[in-house]
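Chains as they are written, first to last, in the numbering used here: chain Y, 7 to 411; chain P, 7 to 411; chain V, 7 to 411; chain F, 7 to 411.
Hints should not be assumed to be uniformly reliable.
What the hints assert, rightly or not - In silico DSS-like pairs for lysine-lysine, Cα to Cα no more than 25 Å straight-line:
| hint | chain 1 | residue 1 | chain 2 | residue 2 |
| --- | --- | --- | --- | --- |
| 1 | V | K208 | V | K198 |
| 2 | P | K94 | P | K333 |
| 3 | V | K333 | P | K333 |
| 4 | Y | K198 | Y | K208 |
| 5 | P | K208 | P | K193 |
| 6 | V | K333 | V | K198 |
| 7 | F | K137 | F | K10 |
| 8 | V | K10 | V | K198 |
| 9 | V | K333 | Y | K382 |
| 10 | F | K208 | F | K193 |
| 11 | F | K208 | F | K333 |
| 12 | P | K10 | P | K193 |
| 13 | F | K208 | P | K382 |
| 14 | F | K208 | Y | K382 |
| 15 | P | K382 | V | K208 |
| 16 | P | K10 | P | K208 |
| 17 | Y | K137 | Y | K10 |
| 18 | F | K10 | Y | K333 |
What the hints assert, rightly or not - Label-pair restraints from in silico Cβ distances:
| hint | chain 1 | residue 1 | chain 2 | residue 2 | range |
| --- | --- | --- | --- | --- | --- |
| 19 | V | G26 | Y | T68 | 29 to 35 Å |
| 20 | V | S33 | F | A266 | 40 to 46 Å |
| 21 | P | G270 | F | A266 | 56 to 62 Å |
| 22 | Y | G295 | F | E86 | 47 to 53 Å |
| 23 | V | A231 | F | L164 | 35 to 41 Å |
| 24 | Y | G295 | F | E42 | 31 to 37 Å |
| 25 | Y | G233 | F | A266 | 24 to 30 Å |
| 26 | V | A231 | F | E42 | 53 to 59 Å |
| 27 | F | I82 | Y | T264 | 28 to 34 Å |
To be verified - A partial selection of chain P residues facing chain Y, derived with a Cβ cut-off under 7 Å:
| hint | residue |
| --- | --- |
| 28 | E185 |
| 29 | G221 |
| 30 | D397 |
| 31 | W400 |
Don't read these hints as lab results, they were simulated from the structure.
Using N, Cα and C, we set each Cβ at its ideal position, and we do this for glycine too.
Protein chains: 4
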Amino acid sequence: MLTKRVELQGHLLDARVLPGVISEVESRGGDIIVEESTIGRTKDDASRVIMEVTAPTPEAMTEILQVIGSFGGRVIHEEEVDLQPAPKNGVFPEGFYSTTNLPTQVFFAGEYLPVEDVEMDCAVVIDTRDKARARCVPIHRIQEGERVVVGHRGVRVLSLAHEKEKEVFSFMGSEVSSERPKTLVVKDIALKMQEIRGRGGKILLVLGPAVIHTGAGRHLERLIAAGYVQCVFAGNAVATHDIEHALYGTSLGIYLDTGASARGGHAHHLRAINRIRLAGGIRDAVEQGILTRGVMHALVTHGVDFVLAGSIRDDGPLPEVISDTVKAQDAMRTQIRGVEMALMLASMLHAIATGNILPATVRTVCVDINPAVVTKLVDRGSHQTMGIVSDVEWFLGELCDNLLA
Amino acid sequence: MLTKRVELQGHLLDARVLPGVISEVESRGGDIIVEESTIGRTKDDASRVIMEVTAPTPEAMTEILQVIGSFGGRVIHEEEVDLQPAPKNGVFPEGFYSTTNLPTQVFFAGEYLPVEDVEMDCAVVIDTRDKARARCVPIHRIQEGERVVVGHRGVRVLSLAHEKEKEVFSFMGSEVSSERPKTLVVKDIALKMQEIRGRGGKILLVLGPAVIHTGAGRHLERLIAAGYVQCVFAGNAVATHDIEHALYGTSLGIYLDTGASARGGHAHHLRAINRIRLAGGIRDAVEQGILTRGVMHALVTHGVDFVLAGSIRDDGPLPEVISDTVKAQDAMRTQIRGVEMALMLASMLHAIATGNILPATVRTVCVDINPAVVTKLVDRGSHQTMGIVSDVEWFLGELCDNLLA
Amino acid sequence: MLTKRVELQGHLLDARVLPGVISEVESRGGDIIVEESTIGRTKDDASRVIMEVTAPTPEAMTEILQVIGSFGGRVIHEEEVDLQPAPKNGVFPEGFYSTTNLPTQVFFAGEYLPVEDVEMDCAVVIDTRDKARARCVPIHRIQEGERVVVGHRGVRVLSLAHEKEKEVFSFMGSEVSSERPKTLVVKDIALKMQEIRGRGGKILLVLGPAVIHTGAGRHLERLIAAGYVQCVFAGNAVATHDIEHALYGTSLGIYLDTGASARGGHAHHLRAINRIRLAGGIRDAVEQGILTRGVMHALVTHGVDFVLAGSIRDDGPLPEVISDTVKAQDAMRTQIRGVEMALMLASMLHAIATGNILPATVRTVCVDINPAVVTKLVDRGSHQTMGIVSDVEWFLGELCDNLLA
Amino acid sequence: MLTKRVELQGHLLDARVLPGVISEVESRGGDIIVEESTIGRTKDDASRVIMEVTAPTPEAMTEILQVIGSFGGRVIHEEEVDLQPAPKNGVFPEGFYSTTNLPTQVFFAGEYLPVEDVEMDCAVVIDTRDKARARCVPIHRIQEGERVVVGHRGVRVLSLAHEKEKEVFSFMGSEVSSERPKTLVVKDIALKMQEIRGRGGKILLVLGPAVIHTGAGRHLERLIAAGYVQCVFAGNAVATHDIEHALYGTSLGIYLDTGASARGGHAHHLRAINRIRLAGGIRDAVEQGILTRGVMHALVTHGVDFVLAGSIRDDGPLPEVISDTVKAQDAMRTQIRGVEMALMLASMLHAIATGNILPATVRTVCVDINPAVVTKLVDRGSHQTMGIVSDVEWFLGELCDNLLA
């Protein structure tokens, strides 16, 4: 079957356009799906319908398009994308098409190519070395001379309405209120995680330091051990305070099992960093028997990938931390391939950074006690994102109760 | 033993004042307790010591005070309070002493009387009908001619450092952070509640509507049934949404067991109010078998007192709601006597109102997901107040796990 | 011209329904306006169009409706409202229609009556004493036997899209962000206020105590003097701290001109209340020369109406405060008639209460530094509401610069 | 004059210790300053006084210390610091002393050396190449073999009470409330800035993107032109949106002069980055006449230093952005020398990072509309920090009114 998108405009209501088009299409063995329709309020207002027309053969398509043309319709997105070479490394040509995080196709050499690794605020490069491919490329990785899509011509962004399987997340909307029952929501997230684990899928966790400070690390360790975590993004602080806890029992100098302050505890995190730097790194510290518990220990011993991305707030940092932010983004890009679900837990910086590079199709759950953070994350255009304004310690406890009881 | 408070001021360091005073006191069988001391930074700066002096006999006290006088010391708070009659109903005399919520004594007729029902922002009235009594009186209840304390003379405010038994709450400070381990805190609160219930003490809950919206009402019902709640303060909204849930399964039109919106659900709360008004009231609705579950049902069937105080936001209101705010305050004042612990759960208006009339000696726990609310409550001068920034649904769940498991 | 609303449902795309209907209507001198249209995605999905049909004569209308009926269309909202008597004072009949704050009409005795004083969460009463009238009635004011609309039949809620003149407010949406340029927004609000003042319209201010604490009272006084304020809603705290400032120079014990704390300043608000109670009230205090400056003084001397509604947090209260919340709501209802614009400034309780009784057609501006408050107010269904997350002191200063420079 | 710190402990009140010590010291031409004093509550409780003793000659000091010793006093901080070599590059020796941001001295070779470039969470290295120096060294810059202070022995942290000249900031405390008059506070900040500029001092601004989004960039440009800004720390976003505004009139796609959204405006920031990358950098774009207005333009043309520190959220980044966070910190450390005042405006990440490396002696003002951010910054131990919860646009406008009117 061949497919074209067609636009009809005009005073649809006082003409017989639409029914006419439909009966013509059907009489030729084709079919239509209405994608958008705007009916004018009065008979003098313009109406507009965009529909996808399918036809069994090229000949039928030609005929159908002629008929549609005679009704004043026009085929849209027929044109090829415009391409221009990147003027130098790290610079797009003027007028480049700037991507969204939605599934995108570009019309090149007579067909729609899906844009691979789609990510917002990038450009689309057409590669024709083997067969034609369209790739999403962030600005710092563009090479002089690569052919970049400019303008909107030939670019087609699919809405997520095309995606099926919204069952689990559908009822949630992008609810961010703390004033809603959350028990059910957690149950649904747990079901989705079981399903993903069941088929060998990939779940990403993005962590902020409150996960450790609140004592919720113990829940995370259980999730990791049970195979519910395939990848973790975090910063120096999460790893540092987790290791501080493993070595000294404290997080930010507070004993997690009594709530009391340790004498000289404000320096514990720096002593923890120093120990790990002496050992050579987190993995080395695990091997040498220095680090024997905690979230980072669990990640290392269960072979879960992690990216620790640096920030200018960091002390140290720990050896595994990627202090170059551009390299850290690229490491995250590599890990993000294949992720089906992302849980962002009490993180702002790393969660926003992840949101920036995540395709809109990935189910995303943001948990934070601060509604402003949740709103910021949910508003970034990730359409499958659900925000939960709540306490991360209890969220993880309840998630464990659902998954591991 | 007799007691006087004495102040020494001057260049204590280059004189022999303090040791001199002490040896004189001791030689007469008395004793001292230093209450405050400020030692000047240089020998030319003033120093100041306030101490409580005890003596075995009036004669010894007289001698001791003479000696202290000769060192330049002076007895403080010796003077009788000044009294003036209230000029008319509902008006204090100019210059009235404005109370705090701390334990307070007034020196009248040669002795310190404890101020009964102490509450901040009131005046102190001396009653001498039977025996001399000092009462804390809010402005709207003062009667013309009652004798009111004016100025600070003869008034003594005790700090809570004098109170013992801070064990349980001591480690908590007035911590409001969401970034702390809360499991232990909840356990301590549970222990305290068990202790209070064990000795037949009184626990007050102040509730906001999020308790119902989040589905935490089911936990509350269990606490009520188990005898952990002796008194509840709330508003029209809490009762209304609880009854809405009991009658229609929804709170604010959202089904609590599925999270879905009910068709026409925005009117459910008004229909619930209407039903109860038709029945004559909440208690009548329970008796008539209309209201068969929920928090209000539990309060009625377990004979727990409640005060529903009206606000200008209210729809209806329900018949039990006291729409006059001054009368509602007075109803709360009556109930507050004997309360040993107050849990303020996701409430701002009613929690602040309760804080206004609660003595500082009552242990108070404020739970809200909004740190601004918690800070506001904790800052109102209630020294035994602990704030927890967290999700009320999970707080109550965890509290139940601790108390009822 | 006669008007009916008509619904067409079915497979509109493969039939000739719509064009058919239109040509029939036109041939009889009528016209249509499409109000809603949902076109099915495939030819098997249902489509649905709601349109308003006008006809020159009753005969033409009858014919048109017959034709529409033959196409499967049906007239909607044709039916008379169902009425039931209120079973007793303060109780609606079961199944009562619960109002929104949008312009509403009810079909009674063959015509649409506009619902007067429309307000959300009330019922509609039909009065036929003189001529038929429909009134919006809050539950506590319903009288036994009054005839109340039940169900949705015959009720028509107009969207605000019908309202013209959104020019000024249109660009604002219901923007609540603090991260937007606000200079222009303030300028637009100022223009609107000038326009309303120019034609003798009514502007309502709802005030919270931060207006006084921040020292913004001086801006308010200028707005009042210049005739930009026709009505003020506030609570005991606003008036108390304004008077505290007028009498002692402090608000909550802080000198507004130096930022320093006054000795004993925590009692100033209670002393201020006491003075006014002694004088007999705010107006008396102005007359007696006790109160000579401040916002309340400006309101009294410029003859601006104000409602001070009580809350259970209040100390005192001041004599003018209406401590009964139901009566206070009714006093606000009386004042709200004719209000064209409402500015809600750093108020939560009184702003929500005002939002509850305000028709959706009133332009409303909410200013608060807390985004949660702004969101709560903007979300309450007032469609002409704009939220500004900002500092009320500077908002009022900038507003004055625009209006009074 | 020679100086020693001495501690007296014991039952000071029933002995004649303190006066005895004082008269002995004075009789030898010395003097004392009491630094701390804790007087026991009863005569059996321990008391404790720490004082600084000065003596005119070494002989007098020796005698004085003998007398003090005979009273049971002991000289404190007499001991030399303990030093251990760093075991390898980037690793401190176990037990290293972890710094605060307060002025610190270490006792080495018989004298107290001030610790240079003091910054929290670092170690102290003793250098003896020329003359003995103590330097504060962050962990990533420690070289194998450098001699690092371990333990607390010989380390003396000075409180800021020793610092004079708190006049301007003193009344402010670390007030964070939005409910206070701020006009005066802004006036005081302006006075301080004038004073610093007057003597050629250095003022640092740390900027977040809301400065640009709110349209406050125009105020900043005026401050820069008037010489009130010597150094700016910001991130890629601030520079990007400022340049977006300079090139397209928008920030985040919103026209700052109308508040309207630009078509395709979401891509403007990336187009702005691309233009600057093509030009070679911000400075190049200014030279080439591409960038002709805005904050970055003002910084370049007025020769003000700036550090743009990268984060993992960044698009691009712009060429001047230091993407390596460790190098960015070091660049900030270099610039921070000599800063007398830091204004942190609507920034969280960069403000916290700056707070981490700023000595406690630098006057710091944090302005943010979110009280949580202000609290976080003010709580980080910077004792001279004042938080203002307000709108950055209006803060900068008011600051300009004070400085430039």
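A quick look at each hint next to the structure:
Under the criterion of a C-alpha separation no larger than 25 Å, the hint pairing K208(V) with K198(V) is consistent with the structure, at around 11 Å. For the given pair, K94(P) sits about 20 Å from K333(P) by alpha-carbon distance, which is consistent with the 25 Å threshold. For the given pair, K333(V) sits about 14 Å from K333(P) by alpha-carbon distance, which is consistent with the 25 Å threshold. Of the supplied pair hints, the one linking K198(Y) and K208(Y) holds, its CA atoms being roughly 11 Å apart against a limit of 25 Å.
Between K208(P) and K193(P), the direct Cα distance comes to roughly 19 Å. Compliance with the 25 Å bound is thereby established for this hinted pair. With a C-alpha separation of about 31 Å, the suggested pair K333(V) and K198(V) falls outside the 25 Å cut-off, and the hint is violated. Under the criterion of a C-alpha separation no larger than 25 Å, the hint pairing K137(F) with K10(F) is consistent with the structure, at around 23 Å. Restraint check: the Cα-Cα separation between K10(V) and K198(V) comes to about 36 Å, which exceeds 25 Å; the hinted pair is violated.
Simply put, K333(V) and K382(Y) have alpha-carbon atoms about 41 Å apart, too far for the 25 Å limit, and the pair is violated. Proposed proximity of K208(F) and K193(F) is supported: the alpha carbons are some 19 Å apart, at most 25 Å. Between the alpha carbons of K208(F) and K333(F) the distance comes to roughly 22 Å, so the proposed pair stays at or under 25 Å and holds. As the CA atoms of K10(P) and K193(P) are separated by approximately 42 Å, the hinted pair breaks the 25 Å bound.
A C-alpha spacing of about 38 Å is found between K208(F) and K382(P), which places the hinted pair above 25 Å, so the restraint is violated. Restraint check: the Cα-Cα separation between K208(F) and K382(Y) comes to about 35 Å, which exceeds 25 Å; the hinted pair is violated. In summary, the hint linking K382(P) to K208(V) is not supported, as the alpha carbons are separated by about 35 Å, beyond the 25 Å threshold. With a CA separation close to 35 Å, the supplied pair K10(P) and K208(P) exceeds the 25 Å bound.
Distance hint between K137(Y) and K10(Y) is fulfilled; the C-alpha atoms sit about 23 Å from each other, no more than 25 Å. Between K10(F) and K333(Y), the direct Cα distance comes to roughly 53 Å. Violation of the 25 Å bound is thereby established for this hinted pair. At about 31 Å, the CB distance of G26(V) to T68(Y) agrees with the hint of 29 to 35 Å. Between S33(V) and A266(F) the CB atoms are about 44 Å apart, so this pair conforms to the stated range of 40 to 46 Å.
Evaluation of the 56 to 62 Å hint for G270(P) and A266(F) yields a failure: the beta carbon distance comes to about 38 Å. The hinted window of 47 to 53 Å between G295(Y) and E86(F) is violated, with their beta carbons roughly 36 Å apart. The hinted range of 35 to 41 Å is not satisfied by A231(V) and L164(F), whose Cβ atoms lie roughly 54 Å apart. Range check, G295(Y) to E42(F): about 44 Å between beta-carbon atoms, so the 31 to 37 Å window is missed.
Between G233(Y) and A266(F) the beta carbons are some 50 Å apart, a value that contradicts the proposed interval 24 to 30 Å. Restraint check, A231(V) to E42(F): a C-beta distance of roughly 56 Å satisfies the suggested window 53 to 59 Å. Taking the beta carbon of each, I82(F) and T264(Y) are about 31 Å apart, inside 28 to 34 Å as hinted. For E185(P), the interface hint holds, since its Cβ comes within 7 Å of a Cβ in chain Y; the closest pair sits about 4 Å apart.
A least Cβ separation of about 4 Å between G221(P) and chain Y falls short of the 7 Å threshold, and the interface hint therefore holds. Annotation: D397(P) was flagged as interfacial toward chain Y, and the flag holds, the nearest CB pair being 5 Å apart, inside 7 Å. Interface restraint check for W400(P): the shortest CB-CB distance to chain Y comes to about 4 Å, inside 7 Å, so the restraint holds.
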